[in-house]
Amino acid sequence: MKISDCLKIVMTVSFMAFSLSSFAESVSDSNPPLMEVACRYEMKVTRITKPKSSITNAWFFWRTPNIIQTQDADGDHGEIWERTANGSIQYRKLYHTDKTAVEYMPTDMPTNNMSFDWFKLSGMMSKEELNTLKMIKIKRVLGRSAELRKGEINGQAVEVLWLPNENLSANIIKKDKINRMELRLIEITPLSLAVKQPIAIGDINNYRQIDAADFGDMENDPFVKKLMSAEGHHHH
Amino acid sequence: MQLFKKLNLIATSSILTIGIAHAAEPTPADWFNAGHQTVVNAKHLSRNNGHAKNVILFIGDGMGISTITASRIYDGQTKGGHGEENSLSFEKLPYLALSKTYSVDQQTPDSAPTMTAMVTGVKTIGDSLSVNQYVAHSEKDAKVIDANKLSTILEQAKQHGLSAGIVSTARITHATPAATYAHTANRDWEGDSDKLAGATVPDIASQLVDFNVNGGINVALGGGRTRFIPNTVTDPEYGVAGKRKDGRNLTVDWTTKHTNAHYVWDQAGFDAIDPNTTDHLLGLFEPSHVHYEADRVAHDKSGEPSLTQMTTKAISILKKNDNGYFLMVEGGRIDHAHHSGNAYRALTETQQFAAAVKAAIDATDPEETLIIVTADHSHVFTIGGYPQRGNPILGLTQGVGATKPDLDMLGLPYTTLNYANGTGYTGASNAQPEGSKTFSFPATAAWASGSEGHNPTSFSPATGRPTLDSAKVEDANYLQEAIIPLSSETHAAEDVAIFAGGPKAHLFHGIVEQNVIYHVMADALGFNDEEHSESDKD
Ligand SMILES: [Zn+2]
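From first to last, the protein sequence lines stand for chains A and B. Under the numbering used here, the first residue of the first sequence carries the number 1, and numbering increases by one thereafter. Under the numbering used here, the first residue of the second sequence carries the number 1, and numbering increases by one thereafter.
Since the hints were derived computationally from the structure, they do not count as laboratory data. Glycine included, each C-beta is placed from N, C-alpha and C at the ideal position. Mixed in with the good hints there might be a few duds.
Claimed, not checked - Here are the simulated EDC-like cross-link-like pairs (lysine to aspartate or glutamate), alpha carbons at most 20 Å apart as the crow flies:
(1) B:140 with A:221
(2) B:472 with B:408
(3) A:52 with B:434
(4) B:143 with B:210
(5) B:245 with A:203
(6) A:225 with B:105
(7) A:50 with B:408
(8) A:226 with B:194
(9) A:99 with B:194
(10) B:320 with B:362
(11) B:257 with B:279
(12) A:52 with A:221
(13) A:137 with A:147
(14) A:225 with B:194
(15) B:79 with B:141
(16) A:177 with A:203
(17) A:174 with A:159
(18) A:177 with B:434
(19) A:226 with A:74
(20) A:134 with A:176
Stated by the list, open to error - According to the in silico footprint, chain A covers these stretches of chain B (three or more CB under 8 Å from chain A):
(21) 239-250
(22) 285-292
Chain B extracted, bound-state conformation:
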């Protein structure tokens, strides 16, 4: 009887996690037992107070809680379930806290001060990367930057003899990855040609390659090639000119200054890398950001690795160091998809991000590796109405027992996912006519000549709402309706989640300031513990 009961509980909890459409609908007893089992499991959770050998920090850029919920449902529905019962890989990590994301001068922050808080333990002002709040925005003087720079967890990891890596789907010089290795008071100074005249502070790309602590950065994988290549050299994939004016080819500098170093720019080069014989890998797979996961395989000219493949390769290179490693992995384009007002790409980016976390969990030992999954800030993305269980998350809201979509007070159907502001406003824009907006609009828009999304510079007031149907709103390129017309959808100020597992993960609890994330990582790695540092030297 006891044994049967236990088996029954396991079956129930798996019913609740694998998707109800795959199994019999849970009975009231199943719900009760599964809930009870969660408590039993929690009682058996044991805190790991040991030091972490490795830390992996995952950042879903702009991955607010509504994005996680919607992605969980989307992911579950693509697997054939109702969706709501599904869990993304990182949702199964045992510890959770909420993070307050405001910066020293912003109620709603950008990625620069938020990542600075996470990797240095100190909040700073908007657009600043790992320099304190006393440095003026766009400070040109390298001496001022140097005097006010904040030491990062990546620099400290290198100082302690660990290996270090950064992986992103954005440009590797973009704010989130850059905060781990660069110090500057303007996040946009990614290449030397981006700086103000007379600025002596080095550009971000050169700071990555010139990073000199203990042999330099070991792995840097992402986009952003043109800021590494001089304007006299053309891009290997597209033939466009590089953007550096100082004549440096940083991809060459990378391989000449490091030992066992490689530079790759396409899938074939990436696949050919042997982690066992590579100690320094620079991979830059696009001139700017890499492809959205939704477009990656079908669109890319030369092929490029997924976030999961980059994460796996990074771990296999870094783990050769017996002292351990620090790795930062960013799902950088969740943010871009939201700015474009396109939920489909935001959800599929998040789905790929969750796959990358799963690959890291599978490739590491939870006894010695602290894994943290969080976001830098949220977006104004909402899940509304009263859709019935299993209603397509990208679809029209249809209530419990209803056979047709619910109607608003104008008699029109509406979607479950919407944005509070942005490009999906239904008034006519300078780029698309009155009505629903789409990510691609090849018929008449200027940007049909090669740009992304709907980038309006003006809107006219909407008259009422458009008439929607399922085919239109479930299309990959549909832009969900936005209340306030803006050229770009914005970040949001509410708290984001911190998921954690591994040594010292239990230190995440309650609602914390975002900069606490650094302090947990530093504690787990033993950087704050003088005694530990001393004993390490013996």
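Same shape as in the complex, but just chain A:
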């Protein structure tokens, strides 16, 4: 039970979010728009201290110049980041079965930053982080050119396979004393050709919208009730 608990903690923190570990100034306007892609990733988290254990999951990643959407392999949970005209980011967690979006308001951001590093959000590594890592060699991944970079970020050993043409991480390996996390790109296609498409924005905007700050006052709401008890139960 201890192991699964521990892994669960790591697993439920999506790798997308893991990569968003720091805020930074907005990407400058000089950046060209990023290529629209549809990806499938696999993430494996291994606990390297005893007792050893590991868990793997898969998820989808869709990127357009101003919207990034993810979805778990089971299709029920997702996240969406939208960059608005004035550079603000709207972030929502998506619960597709319940047709509900939970919004995290910029007002309630606990850190003193106005916007995300969109570049990092779009590629899972910031420019600063990439520059910190040492370029080892050029490789090919899924038929694309990739830079293998290695180094240390925030006390973690980090190894990245970076796709310079797509501005996207193909593989990321992060290791500390307890866990080894490996993200691996399984499939990448231009968004327009992808078989599995993201949920349309119009449909998401028709979901029920809840501000996460209101959870404490929604103790009788069936959705909030289910959300707050579901994960607590199924692994015990």
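Position chain B with the ligand relative to chain A; hints supplied.
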């Protein structure tokens, strides 16, 4: 000798209220004299039996008595004193009662039935806003709502020719402000897109703007913009889409339907408002709730007014009416900070709330204005251990004469402030590892991408307690330990305080049902007094 004694008493009482660290420690005689002086002052209290021209009802959402005590100490310590001797502005109001907050169906209530009780005089069921207990939860039929709606003090004020205003740090459509002007059996139906399909009862935002008694509401200041803006229009501050599906832009409707009306959404627009030429002001400063006071100035993109500034502006607009006014002011995010398990933000919200009360006291005449300060319900927030006088209220408990923090039976230090339940439980959650939890946790958590606080959906059992130090627990983002792991800290059922000053304030005494607050306000304004109403017409 007599004169000297009197001066001495004044000096003593000011020593006791301004903070002992600023002055010599009081002697036994000082304590005795100050206590005696309080009784002398009480003997000179005279009841004001006159009618109130104005009523201001302040609600600290979730501001239980432990929150008031801790905020008083925090406020005193930020001024350089020990803290315990300090008084928040409203603690100096002369009359006090306790309020029983349960609702018709809840032992521990939410903000909807509690505010309904305060503004209509009638208790109702959970989640219901100013409709009686016979209406089923989430009743869709507007006719049923209409047949069972409860008249509010704000509606009655307008009917009697007074002006009316609402101010909040929450969304202006949130339960507490909404109960003053809206009638619905689901507090969450704030915009049209929040309602169940087929519901004919109007959403709360449209009820605010369509409120038609005697020219409509005069002042509404708070958060909650997206429920007023159609989904075809983007937010002026963040660029996100509005949430209305009916195509209405209620901010435009506000200015077109009212005379001398303005809509503002940022500090500059707010500052530009001239109260002398404005009769209807709608100010919506964030898409949802406005910032915590602790974060407001540093974080806000376009700037937004404090609760004190909103209160002051509201009074200066409302006071132009010679018939008087009713104003409701809510410190709406004391509640949210507690739900997040973050004492620092709850105390700083309360500190700002007290500043807003002081601004209202300063801007009004106690002979003609009844000011009431209360809470809708409490929270499971405790002040424990045996800390010495002046111990930092957010800090580790350190006993009298001790040089190190007190230790528990595991040999570990602990804080004075704790929660009985909530997100500060120290077992690992799905968002943060085992140990102390924090409001911001940018290293690995999903919500580092822009959410507030620690919003766990699961916990694992804790093994023992974390090792704490002063730097960790006095940090603004520290979440105090909670015994029972919950996704959100909860309200509490014990009584809350009612502070009052002004005409008929003395009618608050003893322990009363929460709905008595309405009856005192109605009596003070003369709404229950037919003779008075008749003579008014002459
Ligand atoms: Zn609450």
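A quick look at each hint next to the structure:
1. A distance of roughly 17 Å separates the Cα atoms of residue 140 of chain B and residue 221 of chain A; the hinted pair therefore holds under the 20 Å criterion.
2. Restraint check: the Cα-Cα separation between residue 472 of chain B and residue 408 of chain B comes to about 18 Å, which is no more than 20 Å; the hinted pair holds.
3. At most 20 Å may separate the alpha-carbon atoms for a hinted pair to count; residue 52 of chain A and residue 434 of chain B meet this at roughly 18 Å.
4. This hinted pair checks out: residue 143 of chain B and residue 210 of chain B have alpha carbons roughly 17 Å apart, not beyond 20 Å.
5. For a cut-off of 20 Å, the pair hint linking residue 245 of chain B to residue 203 of chain A stands: about 13 Å separates their Cα positions.
6. Annotation: proposed proximity of residue 225 of chain A to residue 105 of chain B holds, straight-line Cα distance about 19 Å (limit 20 Å).
7. Distance check on the hinted pair: residue 50 of chain A and residue 408 of chain B sit about 30 Å apart at the alpha-carbon level, beyond 20 Å; violated.
8. This hinted pair checks out: residue 226 of chain A and residue 194 of chain B have alpha carbons roughly 19 Å apart, not beyond 20 Å.
9. A threshold of 20 Å between alpha carbons decides the hint, and for residue 99 of chain A with residue 194 of chain B the separation of about 12 Å falls inside it, so the pair holds.
10. Annotation: proposed proximity of residue 320 of chain B to residue 362 of chain B holds, straight-line Cα distance about 17 Å (limit 20 Å).
11. Annotation: proposed proximity of residue 257 of chain B to residue 279 of chain B holds, straight-line Cα distance about 12 Å (limit 20 Å).
12. Between residue 52 of chain A and residue 221 of chain A the CA atoms are separated by roughly 39 Å; this puts the pair beyond 20 Å, and the hint is violated.
13. Note on residue 137 of chain A and residue 147 of chain A: the hinted pairing holds, with a Cα-Cα distance of about 6 Å set against a maximum of 20 Å.
14. Between residue 225 of chain A and residue 194 of chain B the CA atoms are separated by roughly 18 Å; this keeps the pair inside 20 Å, and the hint holds.
15. Between residue 79 of chain B and residue 141 of chain B the alpha-carbon distance is near 54 Å, which puts this suggested pair outside the 20 Å criterion.
16. In summary, the hint linking residue 177 of chain A to residue 203 of chain A is not supported, as the alpha carbons are separated by about 43 Å, beyond the 20 Å threshold.
17. Between residue 174 of chain A and residue 159 of chain A, the direct Cα distance comes to roughly 7 Å. Compliance with the 20 Å bound is thereby established for this hinted pair.
18. At roughly 16 Å between alpha-carbon atoms, residue 177 of chain A and residue 434 of chain B fall within 20 Å of each other, so this suggested pair holds.
19. With a C-alpha separation of about 17 Å, the suggested pair residue 226 of chain A and residue 74 of chain A falls inside the 20 Å cut-off, and the hint holds.
20. Distance restraint check for residue 134 of chain A and residue 176 of chain A: the Cα-Cα separation of roughly 18 Å lies within the 20 Å cut-off, and the hinted pair is therefore satisfied.
21. Check on the stretch 239-250 of chain B: 4 of its residues sit with their Cβ under 8 Å from a Cβ of chain A, so the three-residue criterion for coverage holds.
22. Given a C-beta distance limit of less than 8 Å, the hint that chain A covers the stretch 285-292 of chain B holds, as 7 residues qualify and 3 suffice.
Going through the hint list in order, the structure does not satisfy hints 7, 12, 15 and 16.
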